[in-house]
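Since the structure of chain A is already known, use the hints to place chains B, C, D, E, F and G on it.
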Amino acid sequence: MKIRPLHDRVIVKRIEAERTTASGIVIPDSAGEKPDQGEVIAVGPGKFLDNGEVRRVDLKVGDRVLFGKYAGQTVKVDGQEVLVMREEDILGVVEA
Amino acid sequence: MKIRPLHDRVIVKRIEAERTTASGIVIPDSAGEKPDQGEVIAVGPGKFLDNGEVRRVDLKVGDRVLFGKYAGQTVKVDGQEVLVMREEDILGVVEA
Amino acid sequence: MKIRPLHDRVIVKRIEAERTTASGIVIPDSAGEKPDQGEVIAVGPGKFLDNGEVRRVDLKVGDRVLFGKYAGQTVKVDGQEVLVMREEDILGVVEA
Amino acid sequence: MKIRPLHDRVIVKRIEAERTTASGIVIPDSAGEKPDQGEVIAVGPGKFLDNGEVRRVDLKVGDRVLFGKYAGQTVKVDGQEVLVMREEDILGVVEA
Amino acid sequence: MKIRPLHDRVIVKRIEAERTTASGIVIPDSAGEKPDQGEVIAVGPGKFLDNGEVRRVDLKVGDRVLFGKYAGQTVKVDGQEVLVMREEDILGVVEA
Amino acid sequence: MKIRPLHDRVIVKRIEAERTTASGIVIPDSAGEKPDQGEVIAVGPGKFLDNGEVRRVDLKVGDRVLFGKYAGQTVKVDGQEVLVMREEDILGVVEA
Amino acid sequence: MKIRPLHDRVIVKRIEAERTTASGIVIPDSAGEKPDQGEVIAVGPGKFLDNGEVRRVDLKVGDRVLFGKYAGQTVKVDGQEVLVMREEDILGVVEA
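Chains as they are written, first to last, in my numbering: chain A, 59 to 154; chain B, 59 to 154; chain C, 59 to 154; chain D, 59 to 154; chain E, 59 to 154; chain F, 59 to 154; chain G, 59 to 154.
Here chain A stands alone, though its shape is the one from the complex (with noise of 0.2 Å):
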């Protein structure tokens, strides 16, 4: 199954981050007002501009990007819970 997102939304999928110890240790990031990544998956066509033009998405699929924690509606695909969100509520791309 694969969601084609309508306008200026895209598709996310979360990546968990984790933090790592001194010693090494992962331990999960339990902040919660800290913003959350994920790898762009769909990209809608674009925001319907009220002059009747499209402007495309400053995104692509395979983007790596930090979002919100509350950004975005979960969806179900195929079992995988991906989110869907306006490209409104990236804040950047992770560049590697």
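Fair warning: there could be bad hints in the mix.
[Unchecked claim] DEER-style ranges, computed between Cβ atoms:
#1 E146/B to K127/A: 19 to 25 Å
#2 T132/A to V119/B: 26 to 32 Å
#3 K127/A to N109/G: 32 to 38 Å
[Unchecked claim] Using 30 Å as the maximum straight-line C-alpha spacing, the simulated DSS-like pairs for lysine-lysine come out as follows:
#4 K118/G to K71/F
#5 K134/C to K127/D
#6 K127/B to K134/A
#7 K60/G to K71/G
#8 K71/B to K134/A
Just so you know, these hints were derived from the structure itself, not from any lab. Just so you know, even glycine gets a beta-carbon here, dropped at the ideal spot from N, CA and C.
Positioned in the frame of chain A, the structure of chains B, C, D, E, F and G alone reads:
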């Protein structure tokens, strides 16, 4: 009885989502915050922009769509409940 | 007495919805959150856009319409209650 | 004393609505949520649009109008209370 | 000391309203929800529209105006209290 | 240290208002709802309009301005508190 | 790891403000309502206007900026906390 939606409204027949356990038992999805799925059964002419133009709705009859649990208003047509919602409330189109 | 609605307002005469049980007994619909139906009895000239143009209301006298239970304001005309609402409040037109 | 309303404001003299019972006894309407009626006694030049143009108010002095009970602000002119409201607050014009 | 209002603001000197009883005794108006009157003593250059133009304020110094009781902010100029408000807050101009 | 305000922001150095009694004793103004005065010490380039143009701020360094008590945000520059506010928050310019 | 901000967002590395007492002892500033300072480490392409154009952000990497204490969202990049905020949240640029 048929309903012709105005402007950018669409009429959606809800499809009950199901969840199958490992043993194959189907249990209804009880998590209230997950989006719902439905089939588009009628599409309005489009959004009437303030510059006098009409922007066609980016959906067609038969599309299987995702929408938030609280989207739209329930209308009973010939004893069957359907939802009237705005294109804006549709998160995406499910592609087979 | 007749009322001429201003701008994109329409006047609607409510039609009481009924529900027939399997045995044919008609019981009034008590679910408060279902939209109501009515007949359009007057239509304003249209929405006055900020660019100076008027966008005609996409409804005509005689249309049977669906609207939310709390849409519009009740006005008594010649002892009969009617609703004055905006085109925006109309969910769709019921086609026979 | 006369008041010249600014922009899209109008001045309305309220007309007390009455209700006649089957036996002909007139009883005042006590239902607080019904719109009121009034006569337009002054009309502003129109709404000043952001493109620099003025959109004339679609009302004239002498029009009998319907408006919501809480529309406008009461002003006392020569000992008589009138209402200053926006064209937007007028639901419709009562035609004889 | 003089104040030059910015944009579409005007400066208004409040005029205390009075009420004369049948017997001619003047009693101050205590009804808190009635609009107040005042004299315009300064007028800003106009509203700066988003298209870069300026829309002149439709008032002039000396105009006697009506405004809501809670309109504007009180400023003390040379020991005298005046009100700084927007043209938008002026309900109308009292004509003699 | 100097601050260059962005867009339509201005930096204002508050001037403490004083009140002189009939006998000449100066007492500080305690009424919290009176606007404050200040001197403009920096002016941003102007408001960036959505049509791509910039509308210059209608103020200059040295202007003595009136503003609401809760306007702006306090910033400490070289140990001295100043206010960063929008042109919008300035009620008027005091002319000597 | 680097973050590329979208639209008119910027990434800011907070600079801890300090206060030195007369005797030279540095004490941290505890007043929660004072703006914070930071250094711009990344700048988005600009605000996407509804007319299809892009308005460049009026900031550059290296600018020392003032912003409100609650501006932006904290993001951890390579173990270091930075803030993602909008150009709108920046009060001004500190010039040496």
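To see whether the hints hold, each was checked on the structure:
Checked against the hint of 19 to 25 Å, the pair E146/B and K127/A passes, with Cβ atoms roughly 24 Å apart. The hinted window of 26 to 32 Å between T132/A and V119/B holds, with their beta carbons roughly 27 Å apart. Roughly 33 Å separates the CB atoms of K127/A and N109/G, a value that falls within the hinted 32 to 38 Å. Of the pairs offered as hints, the one joining K118/G and K71/F holds, with about 27 Å between alpha carbons and a cut-off of 30 Å not exceeded.
Straight-line distance between C-alpha atoms of K134/C and K127/D comes to about 13 Å, which keeps the hinted pair within the 30 Å bound. Proposed proximity of K127/B and K134/A is supported: the alpha carbons are some 13 Å apart, at most 30 Å. A distance of roughly 13 Å separates the Cα atoms of K60/G and K71/G; the hinted pair therefore holds under the 30 Å criterion. Simply put, K71/B and K134/A have alpha-carbon atoms about 19 Å apart, close enough for the 30 Å limit, and the pair holds.
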